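K.L.:
Protein chains in written order, with my numbering: chain A, 1 to 405; chain B, 1 to 526; chain C, 1 to 258.
Be aware that a few hints might be false.
Said to hold, decoys possible - Within a straight-line C-alpha distance of at most 30 Å, the following computed DSBU-like cross-link-like pairs (lysine-lysine) qualify:
#1 K95(B) <-> K65(C)
#2 K164(A) <-> K254(C)
#3 K176(C) <-> K109(B)
#4 K272(B) <-> K132(B)
#5 K404(B) <-> K456(B)
If you are wondering where the hints come from, they were derived from the structure by calculation, not from laboratory data.
Bear in mind the structure is a predicted one, so any value in this text is a computation, not a measurement.
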Amino acid sequence: MEIITKKNRTRWQFKMTPARGIMLFLALAALAVVVVRLIFGLGATTNLNDQWPWGLWISFDVLLGVALAGGGYGVALVVYVLRRDRFYPIARTAMLTSLLGYVIVVLGLLIEVGQWFYFWKPFVSWGHASVLFEVFWCISMYTVIQFIEFGEIGTKKIFRGAHKYIKKAMPVLLIIGIALPTLHQSSLGELFYIMVGKVDPLWWSPLLPVFFLLSSFFVGAGMIIVESRLSERAVGHKVETSVFRGLAKISGGVMILYLILKIGDMAVRGTFANAFAFDLQSVLFLCEIVFGCLIPIIIAFSSLGKTRNGLLWFGILTVSGVVLNRFNVLFTGMGGYLNRFGGSYFPAWTEFIVSLGLVSMACLAYLFVVENFNVLGHKSDKAKKEEQVEIKIYPSTATYEQAGK
Amino acid sequence: MEQKKKKGKNLSRRSFLKLAGGTGLAGATLGLTGCGQMEPEEAIGGEGWMPAQYNIPASWPTQVRGRVPIDPDNPAIVRDDRKCVLCGQCIEVCKEVQSVYGFYELPIKDEIVCINCGQCIHWCPSGAITEKNDIDKVLEALSDPEMTVVVQTAPATRIGLGEEFGMPVGTNVQGKQIAALRRLGFDVVFDTNFTADLTIMEEGTELVQRITGELDHPLPQFTSCCPGWVKFVEYFYPDLIPNLSSAKSPQQMLGPLVKTYYAEKKNLDPKKIFSVSIMPCTAKKFECQRPEMVDASKFLNDPQVSQDVDVVLTTRELAFMIKQASIDFHSLPDEEYDQLMGLGTGAGAIFGTTGGVMEAAVRSAYYLVTGEQPPEALWSLTPVRGMEGVKEATVTIPGAGDIKIAVISGLENARKVMDGIRDGHAPWAFIEVMACPGGCQYGGGQPRSSTPPSDKVRNTRTASLYKIDANAKLRNSHDNPEIKQIYEDFLTVPMSEKAEELLHTGYVSRAEEFDAKKPEDYLHEV
Amino acid sequence: MAKAVLVDIPKCVGCGGCSVACKLWNELDWDPYGNMKTPKDTAEEPNNGLWPEEWTSINQYDLDKDGETVRRYVKTQCLHCEDPACASACFSKAIQKLPEGPVVYNQDLCVGCRYCMLACPFDMLRYEWQKAIPGIRKCQMCPTRVANNMEPACTSVCPTGALKFGERDELLAEAKAIIKENGYIDKVFGEEEVGGTSWLYISDTPFEEMRFRTDVTTRPLPSYTDKYMKATPIVGVGWAAVLAGLYVYNNKDKDPLD
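Chain A extracted, bound-state conformation:
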């Protein structure tokens, strides 16, 4: 599929494959559900109820989306602030994923809230006592900042005039762009701290913000590994094993810290008995800790972490672990309380469609951006050749680009 816009003579390309077709279908289906949601309301499209005011959308799209997209700020910290330059090859993809993730989160939030057209109200009414106020500010500002950060790449192709200004502002943007997510990742955990006595003691703790922050940091590495392997198949961009291994080690280190804090927290609050009660809560909690934390640590610091497949497993387990953790905090952790008088919640199919559709949109957007902007950095020879061909066909573009530089 090729679209040529004559105005700026930029050439856009997007290859169609069966997998992309499915994603496109899901995205369209999700859009259809969103239309129904906007006309008929949340009751028509979700199984949310007064016992379960938060469900799949908020847990998947917000708690999880934000965490999974959290890789961006972690890599930015490691690469740009700490200057561990060997991770540079993955920096831009990680930040792109993060940007797309946040865009999806914001879109998800817009359909999730009841009066979406009033999304701006907190900016003016200033409910600063609310943890959500903090989350709201940080997420919205961070999304804007990420857009500008991405603009550094984007303006190489469009709105070229702005490029030099963005380039200059990059250090400031990067620092704010790391500080903001640190705050709201932890705040997402703190959200649940006011629900005293409602969340299972296995998850409810004064350290909730710390746990959310650390896990959002270590899941970043897992997410980068998984998505790099996926995009490796999709666009043929290969990242070296040593980069992954390095990431896994940093991530593993944070996991160890997380685990120590978790055990310490349990010791202080005396919840070991709950953890080994082997009821639903305990089993899911142990799964989260063993498969999402312990085993990844072992992989990261053993010979398993030297193989590409071992590292892929590290990624998969880490990501699944955090997915499970976020679901646990909301569903498993609150289920006992919210269902005590017979309440119940299981997502409606429309909720699944929207969540899958949003992810599909993000993937499609990722692929589109990767194929059209210099995100992956070191382009393959094939891509370079294509660029040269492009220049030959559109000499005016090339000269303009040169003139701009």
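Once you have looked at the hints, place chains B and C on chain A.
P.N.:
Chains B and C alone, transformed into the frame defined by chain A:
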């Protein structure tokens, strides 16, 4: 100056902002500054209304407030919350006229005290309170071809039903009522006036036996034909239960007779008889469901025979059925009751008003004691007529001497007399009590009149009943040939073993179900 | 200054006048099937009989007391906390505590995130799930009436004195006197729960048997997060400063990244 100051005070920040730029701008300004304390007017709700009696400063007492509690399980009375306007009339009638609400201690135990009289229905201005609708049960029985549906009509329904069809208050529509019932598909139409006469025979005999000492039960004897009154005694005066006549109410006498006497005569399967009664009363719905009211089943020793009276419909429900069936009530011919239990005397007819039972009883008591027909004077016993709450009279019966009697309607009046009896003030031999002021003709099941409950309507309806009596060929219960026949063919004599089994009953104390207030606690309250 | 309501549970006879008053004053719709629901039914509902159009519900509990079955009616509605978690959870200040006592909601400020519903320690908030433009619904404690020195609609109609409206401290004293006099359970629910509520309950039967959350903390819930919120700007700025320092330090002798 003073005025100006006041005005300035009333102009709040909010109203100023409203003046300055409309609500939207005010909201936006407050919102933008982020320091706006919300004003009460900005909250959701508060757009509706409340009756004026509640829109007063919190420190002022509200005289009339709230509403009477009605249990969802109440067998007689229901309320549609959607129509309730919280006027407080139901609670007033329950408390001030019937002395039920407010005469028990809180907390309640497991019972919402209610005597099912239905006076609250008449007082309710919005029609929120009604009888519990049982029409469907009757329609179901009517549609069953194997079922013989027998219906009885109370003395007072014939002078009330016409009002539902726009006739003047008190119009006697006895004949049209029978015709309508037949058009609706009822197989047999009997008259409760017949069992009213039977009640007099049983209750009168009992009274005579109490007076002569033949029966070791205390005096005064209380009438027992009003189920609201009976329940009231069971609740508040369980110690006076022995004073209640053991004779059942006319409705509950006809019930078992239909399934025994009538079934025997007509060779019908009692299990295939469905017994309906049309009553001016909501408490009758409760009465027919009393667990002991299954004497036909007991007598026949057949648990498959249903309760003595299967369903009670109020006069209003019958009117609704007639309207629903598109029967032109006005053009109906006057028809006659079915024979066997369809003949009532004038004495039976006046059961429908306060004093009527007493008057009928005195006529027959005279006969039972002296063996002679009562004199003309007893055919118009004026001291017990009229709407006064408590009426007293002395009747001289040769052989029995002067008998002091009392007639009461409205339970607040009854309560005063009962408290007196408890204190030893009991000069009477016989006391008639009707729960509803004015008796059955203004019972909870009668048509709601165009005016609030008033003695004008009560007197007109009552006059119609006295007219039926005055015009009747037979005016004494003991003269009813069908009564003579039933004793000859079936019951032998009043208070025979068979009569005791089918026509008499016992009562239960309900004192355990709640804590009644003591007189010293409610007397100073009122 | 702050007004409150004392609910004397044993004095309630379940007439339901209060819930009708609520409907009238707030112009709430009648659930077409609502009239068929009995206080027993609503007591068994997961949401305690409260719906967007039912801001208060009279729930019947059949309890065993001294070997006897007794029925008790509990009027259920928002308890109007002294320091409400819902208000602190609201990031757009759509829920606020008025100085007179009511905790009120303004839909014109609401984004619809429903965090307040989860934050509420008594689960009293309801949402208009069936509407395209939904809002939170809950008892407002008739703020315009209370601000004008009138009783809330519900308490104004109570015929038995089960609902008493007045100054909170006076009602607390009265509640304790009633408890002593009648041998009730020695607890005023709402005196200390989550730092105190404007609706106070006294009872002669155990609160936990009537779905009261007796295990709730006595600490105001907003106090759980306010330190965090106060520290956030400082931590944020400090952390940004550290990052800036590290950035400068680490980039000192290196080529800038592309």
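K.L.:
Does each hint fit the structure? Answer for all of them.
P.N.:
Each hint, compared with the structure:
no. : hint                : in the structure
1   : K95(B) <-> K65(C)   : holds (28 Å)
2   : K164(A) <-> K254(C) : holds (20 Å)
3   : K176(C) <-> K109(B) : holds (23 Å)
4   : K272(B) <-> K132(B) : holds (25 Å)
5   : K404(B) <-> K456(B) : holds (29 Å)
Violated hints are absent here; each numbered hint is respected by the structure.
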